[in-house]
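Here the protein sequences come in this chain order: A and B. The first sequence begins at 1 in our numbering and counts up by one. The second sequence begins at 1 in our numbering and counts up by one.
If you're looking for bench data, these hints aren't it; they were derived computationally from the structure. Using N, Cα and C, we set each Cβ at its ideal position, and we do this for glycine too. Treat each hint with caution, since some may be false.
Claimed, not checked - Restraint ranges, calculated between C-beta atoms of paired labels, are given here: (1) B/Lys69 - A/Gly73: 18 to 26 Å; (2) B/His113 - A/Thr97: 37 to 45 Å; (3) A/Ala2 - B/Ser12: 45 to 53 Å; (4) B/His113 - A/Ile55: 38 to 46 Å; (5) B/Gly16 - A/Ser30: 26 to 34 Å; (6) B/His113 - A/Gly73: 43 to 51 Å; (7) A/His10 - B/Lys69: 20 to 28 Å; (8) A/Glu41 - B/Asn22: 17 to 25 Å.
What the hints assert, rightly or not - Selected chain B positions facing chain A (Cβ under 7 Å, derived; list incomplete): (9) Pro8; (10) Ala10; (11) Leu11; (12) Gly42; (13) Lys70; (14) Phe88; (15) Phe104; (16) Gly105.
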Amino acid sequence: NAGVMQNPRHLVRRRGQEARLRCSPMKGHSHVYWYRQLPEEGLKFMVYLQKENIIDESGMPKERFSAEFPKEGPSILRIQQVVRGDSAAYFCASSPTENTIYFGEGSWLTVV
Amino acid sequence: SQQGEEDPQALSIQEGENATMNCSYKTSINNLQWYRQNSGRGLVHLILIRSNEREKHSGRLRVTLDTSKKSSSLLITASRAADTASYFCATDPPGGTSYGKLTFGQGTILTVHP
């Protein structure tokens, strides 16, 4: 049973470009979470999704960031018009119910 | 301000010694969890302690929880060089629905010298 799969692991974008980060939850998991980790900080909750529904997006910046978890395919975190401050590690996690969550290896975004 | 704050920020010990890390939080919780993160990697779940538990063991790990002081400690006994990592505590909110909306502390960087 593969773990939470994230790709790409590393992504470099120029300011103003778009970044798309993908997350495939563990098999049988229908709950997906995205977290952001700024350099030398702990993780910050961004959004909680179930299939085709955003349950809690209280940690998402109001502009440029969006997330989806379609009926088919991976969850996508999309960042439009990236700025240097978006450089961070973005972690996806999944859970089968609403209990212990399992983290992926992260996607490291660098904005140059 | 941080819901979870770890102390110390960095800890350097020799192999074989014990390592103790502390975590304080501000609001009521349902569960408290500890995670490990190796440099450049994802988080590995270590242990979960519920708000009605006071102590929990898992291998070389011992976690305590004092809800009256809103604090927790993680003890790693007989440390190994492979324990070198950052350690984070994370809390989830109280209430009927406890999903993975965790609040993480800043972490303790543990270095174990061989």
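(message) Given the hint of 45 to 53 Å, is the C-beta distance from A/Ala2 to B/Ser12 inside that range or not?
(response) 36 Å, violated
(message) Tell me if the beta carbons of B/Lys69 and A/Gly73 are separated by a distance inside 18 to 26 Å.
(response) 46 Å, violated
(message) Tell me if the beta carbons of B/His113 and A/Ile55 are separated by a distance inside 38 to 46 Å.
(response) 44 Å, holds
(request) Given the range 43 to 51 Å, decide if the beta-carbon distance of B/His113 to A/Gly73 lies inside it. (result) Distance hint for B/His113, A/Gly73 holds at roughly 46 Å.
(message) Can you verify the interface hint for B/Gly105: is its Cβ closer than 7 Å to any Cβ in chain A?
(response) It holds, given that the least Cβ distance between B/Gly105 and chain A is near 5 Å, below 7 Å.
(request) With chain A as the partner, please determine if B/Phe88 meets the hint condition of a C-beta pair closer than 7 Å. (result) 6 Å, holds
(message) Min Cβ distance, B/Lys70 to chain A: is it shorter than 7 Å?
(response) 17 Å, violated
(message) Holds or violated: the hint that B/Phe104 contacts chain A, with Cβ atoms closer than 7 Å.
(response) Result: holds, 4 Å to nearest chain A Cβ.
(message) Next item in the hint list is B/Ala10. Is there a CB on chain A closer than 7 Å to its CB?
(response) Violated, because the Cβ-Cβ distance from B/Ala10 to chain A comes to roughly 11 Å (cut-off 7 Å).
(request) Report holds or violated for the interface hint on B/Gly42, using the least CB-CB distance to chain A and a cut-off of 7 Å. (result) 4 Å, holds
(message) Range first: 17 to 25 Å. Now tell me if the beta carbons of A/Glu41 and B/Asn22 are that far apart.
(response) 18 Å, holds
(message) If I claimed the Cβ atoms of B/Gly16 and A/Ser30 lie 26 to 34 Å apart, would that claim hold in this structure?
(response) 44 Å, violated
Violation of the numbered hints given earlier is confined to hints 1, 3, 5, 7, 9, 10, 11, 13; the remaining hints are satisfied by the structure.
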